[in-house]
Amino acid sequence: METPMEPPHARGVVMATPARTSDGPDFESWLAAREGALQRTAHLLTGDVHAAQDLVQTTLAKLYRGWDRIRDVGNLDAYARQMLVNEFRTAWRRPVRRAEHLVEAVPDLPAPEPPSYDGSTEAVWRFVCTLPPKQRTVLVLRFYEQLTEAEIAQLMGISVGTVKSQSSRAIAALRARLADHPELSGEEER
Amino acid sequence: MTPEDLLTRTFAEVTETTDYPTTPMATVVARSRTLRHGRRRATALLAAAAAVVLVGGSVAVWLNHGPDTPPSPSHRLDPAASLPDVPQGDAPRIAYLDGDGFVTAAGDRITSPAFRTAMTATPYGEGVLVVRRSTPARPFTTISLVSGGSTTPLGCGAPTFALGGEAPTYWLADTCGANATGRLVEGTSSTTTPRGVVYYPIRSTSSGLVALRSSTAALIAADGSAHRIPHVQIVTAASPAGDLVAGRAASQPQNSVIVDTATGAVRWRAAHWSLGHFSTSGQYVVGTQRVGDQTVSGVGDVVGIWDVATGRQVMTTVLPNMSVVGGPAWEGDDSVLVVVQDRHLQQAIVRVGRDGSITRATSVAPAGTGTFRLASTP
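Chains as they are written, first to last, in this note's numbering: chain A, 1 to 190; chain B, 1001 to 1378.
Calculated directly from the structure, the hints in this document are not laboratory data.
All C-beta atoms in this analysis are idealised placements derived from N, C-alpha and C, irrespective of residue type, glycine included.
Watch out, some of these pointers could steer you wrong.
[Stated by the list, open to error] Computed footprint of chain B on chain A; a stretch qualifies when at least three of its residues, placed anywhere within it, have a C-beta under 8 Å from a C-beta of chain B:
| hint | segment |
| --- | --- |
| 1 | 32-46 |
| 2 | 76-89 |
| 3 | 138-152 |
| 4 | 157-166 |
[Claimed, not checked] Partial chain B-side listing against chain A, Cβ under 8 Å, derived:
| hint | residue |
| --- | --- |
| 5 | Arg1009 |
| 6 | His1231 |
| 7 | His1344 |
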């Protein structure tokens, strides 16, 4: 359950927002309530907070532009999530986008050693970030958004079989890494 | 724990331990407008490309009066204009270089041989700091201080000055060669910089020094620590308050972005524009579209001005038959100066008003003799 992070009037509104849909929320109220969820999903998709913010802002701008035309207000969140995923996949199809590698610090220091897998949350997260965008998207939708395979297929515009294959490849790769750490998979307890 | 459980746990922990910024409504509105303009511009470009086949290059002027641009100013130049046809206006209200002279904002002229090879310059104390371009004999840009009729070489350095602090900030290499250590110098104080990293200072702000650090936009604190400014690859300007920077987008270098330095968020984008400096108050930012050498009558580089807060373009004007070869630089909040060259290779400094007016700020230098360069501005 999402709660508004701050009142809409605190967001520096300088222009009129689109008109309220017939029986749905106005854009600003919806934004206040749901932006956090979009930010979190975008972070998991992109692997970077700044890239996530850029992705969310683009998605919000497109949503704002078409707000009046969104009739199915009952599925607003699903609609926004689909736009977010589509925007992410579109961005990752652009070759120049892949050239951008955002880091927190200026990269003039020696490169860190390649991450080693130690089974921690951080290591699993690093592993997820190395996955191809399509596999990562499937994992995020399946294990964070808790969507069914059929829902993921519909959202991504791919077949259920592709969802299964993408998911199983990613999990197999993770399982292979877990083989070195049986304590994480519970093997040592058997 | 199964891999599926690990993934669920990891996703939950990553998102629960991260603080996410909120997006101001103004940002959403600004980006929405940018998207709309980008789409309209793409449509206009397609239409123009088709029309060029039919009616030749003159349509390129129309292109910049498309539906995505603000209402046209009433006093645009004749598309066939050359520099002598541009009305003469007031002298530049910022300093500039002309031949071996440095002309101050008050109109006083200081001469020195050092100015002849200057890329840019800025007043400092009783003298003028100057960046001199490289020569075959001296293949590095050098920084010198011209004062009292003499020139004091300070060393090899980067060709930019950051203004906005108590004194101009510039970067000097300890040795004239690659992979050198260096120093950021402001007045009498200096900060050592790492080996092999070249700093191009952009602006001193209350938050720190905005600089291009090798190929990375960075905000450098007083202790020398640097923090990357995301989304921008080549930073070109910073706002007076230091809260915003302009530059080429890291992901799409043909576009420019305005980035919030505190949050790292993109405020808005300008597709296919090169954004330059912020106006004195920080309310406006100027940009250019350069189409290269002018070979078709009526075509020219374009100057645009945006409202920083909203990302709305408030003015765009074509400089017919002219190429921008220097600048732009603001004169307060109302006009910008650019050094332009026309099809006959004549040069002058031209003033573009926020109302779209175009006037000359200097006389016209005959073909091949133009040596106008604008001084550094914040």
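Right, here's what the structure says about each hint:
no.: 1; hint: 32-46; result: holds (count 6)
no.: 2; hint: 76-89; result: violated (count 0)
no.: 3; hint: 138-152; result: holds (count 4)
no.: 4; hint: 157-166; result: violated (count 0)
no.: 5; hint: Arg1009; result: 7 Å, holds
no.: 6; hint: His1231; result: 6 Å, holds
no.: 7; hint: His1344; result: 38 Å, violated
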